[in-house]
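Protein chains in written order, with the UniProt record's numbering: chain A, 1 to 296; chain B, 1 to 441; chain C, 1 to 447.
Be aware that a few hints might be false.
From the structure, some residues in chain A lie toward chain B, with a derived Cβ separation under 8 angstroms [claimed, not checked]: (1) Leu3; (2) Pro4; (3) Val185; (4) Gln189; (5) Trp190; (6) Arg191; (7) Ala193; (8) Arg286.
Now the stretches of chain B that chain C is said to cover, found in silico as 3 or more residues with beta-carbon under 8 angstroms [said to hold, decoys possible]: (9) 46–60; (10) 225–234; (11) 289–300.
Because the hints were derived from the structure by calculation, they are not lab data.
In this text, a Cβ means the ideal position worked out from N, Cα and C, and glycines have one as well.
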Amino acid sequence: MTLPTTLRTVTLPDVPGLGGVYARGAASAGRLAVTRRVGRAPAGLPEVAYEVRGVDVDPTHLTDYQHLLGEPGSDVLPAGFVHVLAFPLATALMARTDFPLSLLGMVHLSNVVTQRRAVRLGEVLDVRAWAQDLRPHRSGTQVDLVTEVSVAGELVWTGTSTYLSKGDSNGESDAGPREEFVAPVPTGQWRLAGDVGRRYAAVSGDRNPIHLSALSAKALGFPRAIAHGMYTAARALADVGAARGEAFDWSVEFAKPVLLPGTVTVRVAADDEGFAFTGWDAKRTRPYLTGRVDPL
Amino acid sequence: MAASKTTTPAAAPRALVLGGNRIPFARAGGKYAHASNQDMLTAALDGLVARYGLQGERIGEVAAGAVLKHSRDFNLTRETVLGSALSAETPAYDLQQACATGLETVVSLSNKIRLGQIESAVAGGVDTTSDAPIAVSDRLRRALLDLSRARSVGQKIAAASKIRPKDLAPATPRTSEPRTGLSMGEHQALTTAQWGITREAQDEIAFASHQNLAAAWAAGFFDDLVTPYRGQSQDGNLRADTSLEKLAGLRPTFGLGLDTPATMTAGNSTPLTDGASTVLLGNDAWATAHGLTPLAVVVDAEAAAVDFVHGVDGLLMAGAFAVPRLLARNGLTLADFDYVEIHEAFASTVLTTLAAWESETFGRERLGLDGAFGTVDRARLNVHGSSLAAGHPFAATGGRIVATISKELHRRRTAEGRPVRALVSICAAGGLGLTAILEAA
Amino acid sequence: MSDTYLNLVNSGFTKKLAKQLGLPQPAPLRRYRPGQPLLEGPTLVLGRGADAEAVAGLLSTTWDLEVHRHATPELRYAAVVVVLTEVTQPTDLSEPVLAAAGALKSLARGGRVVTLSRTATADDAPAVAAARQGVDGLLRSLAKELRGGSTGNGIVLDAAVGVDAPSVVGALRFFLSTRSAFVDGQLLTVSSAAGTLPTSWERPLEGRVAVVTGAARGIGESIADTLARDGATVVAVDMPSAGEHLTTVANRVRGTALQLDVTAEDAGERILEHALARHGRIDIVVHNAGITRDKLLANMTPEKWDPVLAVNIAAQLRINEALLTSGDFADEPRIVSLASTSGIAGNRGQTNYAASKGGVIGMVRATAPLLEAFGGTANAVAPGFIETDMTARIPAVTRQVARRLNSLQQGGQPVDVAETVAFLASPAAGGVVGRVLRVCGQNMVGQ
């Protein structure tokens, strides 16, 4: 991923807080609706990249994340933790008034991370984020949020999160018919308690109401709270464990939200290239997520 | 060891099984419901001391352990020794290797005896699921620790204010594998399906276990292996009157979500059990000095582990790998064993292990052999019953098996006057397996 | 097992009341503790002749007791020993007996009267036999008159047994000591000069290996404790189901526990194997294991009859046979078997039990001669009412009555039986052969 040359880089003094982002997102959603009606909705993505330099990692924050996800408590930052560090920057972009899609109700479709080398506690991180590739999806519009993390000019981590904004479709669809899901032999099971959304929100800062409580999720059209997609992806990464090495590609596609509390039956197993993982609903034989971790 | 210094070490001493004692195993919530691990281990140890007249004796070392352990039991074995009839000068240590704990105490103490570090030892294990440790929740624990560290009133209030009512709910010990979230039964159900083990075959193993154990009790075989405790004078789980029909009538409890029919029931799986066991070990000189008849020699041991987390092998299949390595090192084959003791965590654990050894593919691809590893003569398998009938107080099972089969080895050797060997294999949580060779002394 | 009545009549107001009402007044019995002096007070030795002199010499010189040969009026004697071995006609009894009479009035509490006499046989001159047998009636009656926890017992010497025979000395010491607290009105016959006096009267069983069956509880537990206290290494045997208590006993006496059903076919072999392997020898076997299954004979069933006979006598016979044929039970071995007053006098509802206990008496009589060649003996101890878990289950009123039906007006303690067993198991008792010694406080029923 390279920063498109058309983008203007704005350096922020600090990683923005996510505290009021969803409230602001809700406001911007209202504004978008208004502007769209009057025919002045932004047609493209903001031509700006956000950057924060000199990000320090708080050890307690790291430990809390490691304990919640089942990662070893080492000084190596789990790839998902780096995502957590960079995520507010991408969110800040999406919360901009000139961002064409509504942050609220945005669905995380997939995520691809390349961890080039181990990032350790004590290293000072520079984070940059931008949005690209606004494109149609069969049920709306999708966009990639790209984040890069470097240490002293060396690119160490890249993440691309693809989001779907439902209903904002401009007509075209790139999706073919879905393959029928065949459940593999499980290797494990995640029993996710009702408070998993709140607990991950506490370590990730992502307090999207759909994750926090049944009530707040219902307000946004979900029967119960749903697990953060990146929580499940990070659990799968942790299940792969030390065998992933220090440099790897980690990709995931989210098929269905995991309602909380809930049980995800999983298979995390090695194949010729690396590790494939699948999480599914054993009762309805429907996948929640699929992905891979491939050592570089 | 009064010999003068010498540059050529004497031949390594043999590590001998000299006897054993356990308390009858009781079903969880039964007669030992209010007994602690230390209570039960002390009862087993005192029974051993009484049987072998070891009152006031300074034993080389006592090692024991428990799988489910209270934090107050940080020095369980030493505390047990202090409360027993042994000399208070007997050193002790705790050991934990999940369900292999009991056998590992035998193995590691035997190694010390063989190295000449000690002359005598008591190995043991205990577990209670009735008096399992219950901890406070992680959040409450952290808040309490923060509170204890807080100095100012403000800090204390801040720490205390973090406590939420739901944090007060206790955390019970996990019965599932930490890395997979699956219970042992669910794991074994996967392995059972993978190897195509039938319900009938599992029920037959369970039936044989009850029959064999009941016969041993009836014959007085356990008269000098078991000391009653708290009014329990026989293994509480034993159902001498069970039948294949009764076993066939039980509803499956594990593997219900799989494509294949569920085959594992409460009858062919071990129940939660409370109990304790001990094994007396020593070298030849110590045995002679104490008028004890050596029953068996601890010849060798091998541990193995499998990657069940990524589904490479079944959780409880490590024994299938350890035994071929152990036998290769000792130049032996399965046919060289008069007895094979495979811990019956589930009937299907035994069967999947046997199936793996009989599989050409497994032999070639997983064991690196030319073909199948071999076949176990069922008449030599768990001859006096095993965990399905006796129950399985995790850390106590190794001691039960070693003491039982050592007595049987000695009996057979006395009767037939030829070398007699036994193979012991115990699977454990975390994909562990521990195996050992015993030979009649 | 506490005897509330005994406590009441020995304290304060209730003591006075009981006296006025003429209720039985049992005295608390003093029991043996190591280190205790043999007697606390002077001993009066009565009788004429060399035997009386020898006994007086033994007591004063060897045992360092204060011995008087003539009664001093008003003096509180701890014991009176009447030596009647040399009486030749009934009138010979009058002088020593009447001399004793004066001393009895001021006999110390827990005092001891011991007679020494000779067996009356058909070969004796009628007057000699009359005099000798007269001692029997005299002693039994005298014992019934004693109060305050005092006892009277007799030692009967067979022909050719001198008063210095080890078993006479041993029995005299036993009867004088608190070890025989609940033995009363008994005459013990010494048949030979076999046996050896111990180096230490406190640890007469030093170096001996003793097997006690039924050792987990009650009398058996006490026997294990007592034999161990006297120096023996104890193999405590009981049913596998009694293992938890057995462990406690074995660990307390620093012996070994052997979980064994004594009715097992190979019980004797297993006892031998255990004792020899662990302790290198086997010297004493105490057959204490026993069961009751009470039922009137009219209602008796095989389920109640057979097990009692199997445990109480058949098992003993089988174990003895194994011992006798082993060749390892040959160094002054001792068999002590538990009989019962029921086996002597009979007891309603106990035909099965009494048959087995009567059997025990017959068994020791016939077994003893087989052991004599090795300096061995077989004897029985017949307990009367002993305060145990078993007697605690007797209905309260019946129990109160049963307790008082003896000269000491109380039940005995398990240790009283154990002390008697320990005496018969001791090296000194080698001349006591095939006898039954009752520990019953001179129960009114039976001999």
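Evaluation of the provided hints:
no.: 1; hint: Leu3; verdict: violated, 37 angstroms
no.: 2; hint: Pro4; verdict: violated, 39 angstroms
no.: 3; hint: Val185; verdict: holds, 6 angstroms
no.: 4; hint: Gln189; verdict: holds, 4 angstroms
no.: 5; hint: Trp190; verdict: holds, 5 angstroms
no.: 6; hint: Arg191; verdict: holds, 6 angstroms
no.: 7; hint: Ala193; verdict: violated, 11 angstroms
no.: 8; hint: Arg286; verdict: violated, 14 angstroms
no.: 9; hint: 46–60; verdict: holds (count 9)
no.: 10; hint: 225–234; verdict: holds (count 6)
no.: 11; hint: 289–300; verdict: holds (count 4)
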